[in-house]
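Protein chains: 2
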Amino acid sequence: MIKLYDFELSGSCYKIRLLMNSLGLECEAVNVDFVNKEHKTEKYTRLNPFGEIPIFEDGHVRLRDAQAIMVYLARKYDKSNQWYPDDAEAMGRIQQWLSTGGGEVMNAAGARLVKILNYPLDLEKLHAGANRVFKIMDDHLAERDWLELGHPTIGDIACFPYTAMASEGGIDLSPYPNILKWIERVKRLPGFIPMPGIPAAA
Amino acid sequence: MIKLYDFELSGSCYKIRLLMNSLGLECEAVNVDFVNKEHKTEKYTRLNPFGEIPIFEDGHVRLRDAQAIMVYLARKYDKSNQWYPDDAEAMGRIQQWLSTGGGEVMNAAGARLVKILNYPLDLEKLHAGANRVFKIMDDHLAERDWLELGHPTIGDIACFPYTAMASEGGIDLSPYPNILKWIERVKRLPGFIPMPGIPAAA
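Quick mapping for you: the protein sequence lines, in order, are chains A and R. Position 45 (the first sequence) corresponds to 273 in my numbering; numbering is contiguous. Position 103 (the second sequence) corresponds to 331 in my numbering; numbering is contiguous.
Honestly, the hints are just simulated from the structure, not real lab data.
Which copy is meant is left open, so a pair is good if it fits within one copy or across any two.
Here are the simulated lysine to any residue pairs, SDA-like style, with alpha carbons at most 25 Å apart:
id: 1; residue 1: Lys304; residue 2: Gly378
id: 2; residue 1: Lys268; residue 2: Asp366
id: 3; residue 1: Lys265; residue 2: Ile364
id: 4; residue 1: Lys268; residue 2: Ile364
id: 5; residue 1: Lys231; residue 2: Gly287
id: 6; residue 1: Lys363; residue 2: Glu266
Produce the complete structure using the sequences and hints provided.
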């Protein structure tokens with residue numbers, strides 16, 4: 229049985245729950261008390277020295293980092309070969325958005341931590357970084373329905389949660405109509421599941 | 229012919245040059261005037277809206293992001309199947325360090341930009357972030373010669389340049405003896421090439 233060290237309000241953990249649901253996989257979820265920083269305790273830094281969740285276990289394989297877990301899950305369990313197709317160009321294109329989802333989009337995650345958990349981070353800088361990447365994503369999505377390949381991939385999932393929850397960090401998505409349409413498209417995927425802050429499609 | 233939009237002093241561009249040399253590939257290198265921010269001009273933001281280098285072209289395939297370019301190169305051209313082996317566990321394990329190399333290790337890149345190009349960034353915060361990830365890498369390398377799989381992968385290359393050039397950003401690597409040994413190991417790989425700031429092995 230796959231085990232996921234999980235926190236319901238974490239967009240990074242949600243990436244794994246969303247992909248697993250899309251692949252028809254079940255897991256044992258272990259709730260981590262993120263608010264009280266249980267992920268920074270020795271119990272968890274032994275599993276992931278970076279002190280972050282999600283942490284993932286499948287038999288003897290233990291992985292940290294939402295993007296790494298998605299690469300593993302897609303390669304191992306995606307019989308449709310859709311989420312991370314097995315060819316160089318597809319993998320390279322998707323990797324661009326794995327980097328963006330774990331990188332620039334995390335500005336929006338940081339802004340959300342300031343707003344909902346009072347993290348002492350530079351909100352103005354986080355907003356600027358988030359708006360910069362959202363402008364790029366919005367322009368990119370003007371001509372396409374999905375970030376790459378014309379269909380959903382783990383690149384979309386990597387960028388989705390903290391974009392969809394940007395308003396919780398005080399970021400207005402109304403200047404980005406193509407992002408708003410893409411969010412609705414993700415919500416209408418057959419394997420979609422909601423989380424607090426990301427309700428099902430209207 | 230592969231085309232690389234390149235800057236000699238960029239550790240991110242160097243990742244691509246190092247992997248290509250290891251794979252026996254040649255490219256046309258186009259020098260970008262990074263110091264005068266040519267990568268932020270419209271000529272280059274048309275190629276990569278993120279305004280960053282490297283940018284890579286191989287026929288009709290254009291990619292941004294050093295990690296994405298390495299995934300493409302390894303999958304497409306690595307006949308040894310060593311640098312990014314074709315199985316779920318290997319890819320997941322390597323992806324962890326692609327994320328780290330494009331993420332936490334970039335604290336050391338930022339510190340270097342402060343020191344050599346006077347970028348207005350928070351040096352103290354960058355040093356703290358770099359030392360945090362270097363401690364984790366040093367502990368990880370205490371029991372292994374390479375970051376994953378017991379042999380060099382694109383995970384190693386992703387983390388190598390800005391770690392090896394940490395002193396240019398004012399970061400002392402002497403508390404991290406396992407990292408220092410790993411740097412020497414990379415320098416002795418058959419395909420190794422130096423760059424300014426990363427001289428060949430003594």
